[in-house]
Amino acid sequence: MIRMMLVDLWRRYAWLLVALAAAATLAPVRVAMSVAAVDPTRTPGAMAILETSALAGPLLAIIASVSGLLLGAGVWYADQTAGHVYSLTLPIPRWHYALLRYASGAILLSVIIIAFWIGALAASSLVLLPVGILAYPTALSVRFALTAFLMFSLFYALSSLTKRSAAVVLGLLALFVIVEIALDAAGADRSLVEWLFLEREADWLLPAGRWMLFDV
Amino acid sequence: MCKRSFACAAALCALVAAGSVQLPAQTVKRHEPPTREADAFGTLAQRLQRAADSVERAEDARRERLVPETLSVGRLRAVTRGIPAVTALGLLRRTDSLWSASWMSTLPVYPGAMLELVPNAPRPDDPSSVTATLTTPATSTAGARQRSALVFQPAGRRPLAHRDEIALAALHLRAWIELRPAYSAVPGVTHDTTTLARSAFAQLAALPLSVGRRCLDGDLLACEQALSIRPLVPPYDDVLDASARVALLDDLRSVNWPVDYQTRRACIETADPELCRRAVANVTPGHLRTVLPLDARRLFAARLLLHTGPATVGGTGGPIIRDQDIDVAALAGDSLRPFIASWRASVIAHRPQQVLPSAASSWTALLFIAGLAAIGMRSSRWRAE
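Residue numbers (our numbering), protein chains in the order written: chain A, 8 to 223; chain B, 229 to 613.
Simulated from the structure, these hints should not be mistaken for lab results. From a predicted model like this one, the values you see are computed outputs, not experimental measurements. Even for Gly, the Cβ is constructed at its ideal location relative to N, Cα and C. A couple of the hints might just be wrong.
Okay, the calculated beta carbon distance ranges per label pair [to be verified]:
1) A/Ala189 <-> B/Gly446: 41 to 51 Å
2) A/Ser132 <-> B/Leu595: 31 to 41 Å
3) A/Ala195 <-> B/Gln582: 27 to 37 Å
4) A/Thr145 <-> B/Ala470: 24 to 34 Å
5) A/Ala189 <-> B/Arg565: 28 to 38 Å
Going by beta-carbon spacing under 10 Å, a handful of chain A positions derived as facing chain B [stated by the list, open to error]:
6) Ala29
7) Gly79
8) Val118
9) Leu133
Derived coverage of chain A by chain B (criterion: at least 3 residues anywhere in the stretch with Cβ under 8 Å from a Cβ of chain B; other residues may be distant) [said to hold, decoys possible]:
10) 9 to 22
11) 31 to 41
12) 94 to 107
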């Protein structure tokens, strides 16, 4: 049954999966090319590599998050449009069916994560790194995988809520973002995220942090 | 279940969304130096500060009496009249490195004050000496200018006036702390010690010279060299390997240094070890200092002088010093090493977060993943629709 689900997901989202896998593969390569582009005739300076790597970090985090988000919501899309008729006719418990849905999405998400890992390994081999700077393709891939699965599970859970509940949760998230933007626009000294999580030393809760392909 | 856990799910969503982006302050760790070391730092800082203050008070008294005083730096000796010793010392340092040049410039020495050094014609009775006029803007009377005289001579002609060694070290240290290289990326920005420590770690780790990484590994002698307290000696074979020489020459490209462009370019392009070694051997310790980690020195200075809290080091008004020897290590005695050890501990404590998520972070993320998946598998949507 999981094979059927995979085929179904692939038929629905092939273009999306290919695009995400391509983005995940090419993003670290782009980082390496940016580093090398500082001056292709010589070994790039250590601080220039760190700055370029830090600037590209949020892009990698966004790719991981968007991959998880789209697949997490996408695995339920067929059932939601059909009113869950097919799933209710199956002779298996609902949790079993939901588990198969989760597993099928996770398998496709793993393909994107592996694509990112391959891209990061390739990118690491493209740049001649100066003394003191190291490449972290596998460590960054672990961070990428944790974030992608976290977002996947989050939106998998959100999509399984009733429409009303999901709308309220998404509304709260939107409100959070709006307040954050408003505080930033007002020139506040600290953000809501900092006040809620960082100043209370809760930063260990999540796989956030350094998205650096090249670091000290 | 899902409806009952709605509030919980909403809270989890907010937590997860907050963690999906990189934030600048996410690696903040509270760090306080050990009390014993902090006391040692305080002792040294206070000792040097008191010495510097006492010297300045004595200088003020001498200046009032217009007693001439002799100071010596490198090849130069100055007889000062009517100016603070610290001013003369700073001026001597700058002039010594520029002695051979035909030179006229305006030098900032005190924050907010300017000194004009105008070389005059050589004195007829002693062609090897140069008389310069030092002009400082008066602070008490608007528009008035205070003039003082400095007579520069090659060192070794007259006996040096006796000076307290610790007091001189204090003056050296003060001048060193006020360092603001001309290439400072963001002059005038206030750095707190946490920011400085993070930056210092990265700069030390990425330094072409091995002293940066040896310092992080615990070699305090290397820390002194990285901080420019103990000078590095040409040809720097003990701190540079072949690839690091190329990187060093590349880093030095924006500095007016005494190796011609062709030699440097040839080294960078061919990476010929012998050519690069010869080129690097011509780099003076003063020039080498320009690639040593500035934020590491600023952090050291901030911890030494200000001792607590946020510090402003290297503001726009600081002096521009390119070539300066510091002998704080020899003169400060035994208290310097614990100070450097504490400085290093501070840098290590602010090591950037690892790219690989920590075990706690990973397990927490896995728990969140499992919890959210469980919520999804107990879907209420089927029942609701």
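Tested hints:
In this structure the supplied range 41 to 51 Å holds for alanine 189 of chain A paired with glycine 446 of chain B, their Cβ-Cβ distance being about 47 Å. In this structure the supplied range 31 to 41 Å holds for serine 132 of chain A paired with leucine 595 of chain B, their Cβ-Cβ distance being about 35 Å. Between alanine 195 of chain A and glutamine 582 of chain B the Cβ separation comes to about 30 Å, which falls inside the hinted range of 27 to 37 Å. Checking the proposed 24 to 34 Å range against threonine 145 of chain A and alanine 470 of chain B shows it holds: the Cβ atoms sit about 29 Å from each other.
For alanine 189 of chain A and arginine 565 of chain B, the Cβ-Cβ distance of about 51 Å falls outside the hinted range of 28 to 38 Å, so the restraint is violated. Taking 10 Å as the C-beta contact cut-off toward chain B, the hint placing alanine 29 of chain A at the interface is violated, the least distance being around 21 Å. Below 10 Å, beta-carbon pairs count as interface contacts, and glycine 79 of chain A has one with chain B at about 8 Å; its hint therefore holds. The beta carbon of valine 118 of chain A comes no nearer than 18 Å to any beta carbon in chain B, farther than 10 Å, and the hint placing it at the interface is violated.
Here the hint on leucine 133 of chain A is broken, as its CB sits about 18 Å from the closest CB of chain B, past 10 Å. With 0 residues having a Cβ less than 8 Å from any Cβ of chain B, the segment 9 to 22 of chain A misses the three-residue criterion, and the hint is violated. Judged by the Cβ-Cβ criterion of 8 Å, the segment 31 to 41 of chain A is not covered by chain B as claimed, because only 0 of its residues qualify and three are needed. A stretch counts as covered by a chain when three or more of its residues have a beta carbon under 8 Å from one of that chain; for the segment 94 to 107 of chain A and chain B the count is 6, and the coverage holds.
Comparing the model with each earlier hint shows violations of hints 5, 6, 8, 9, 10 and 11; every other hint is respected.
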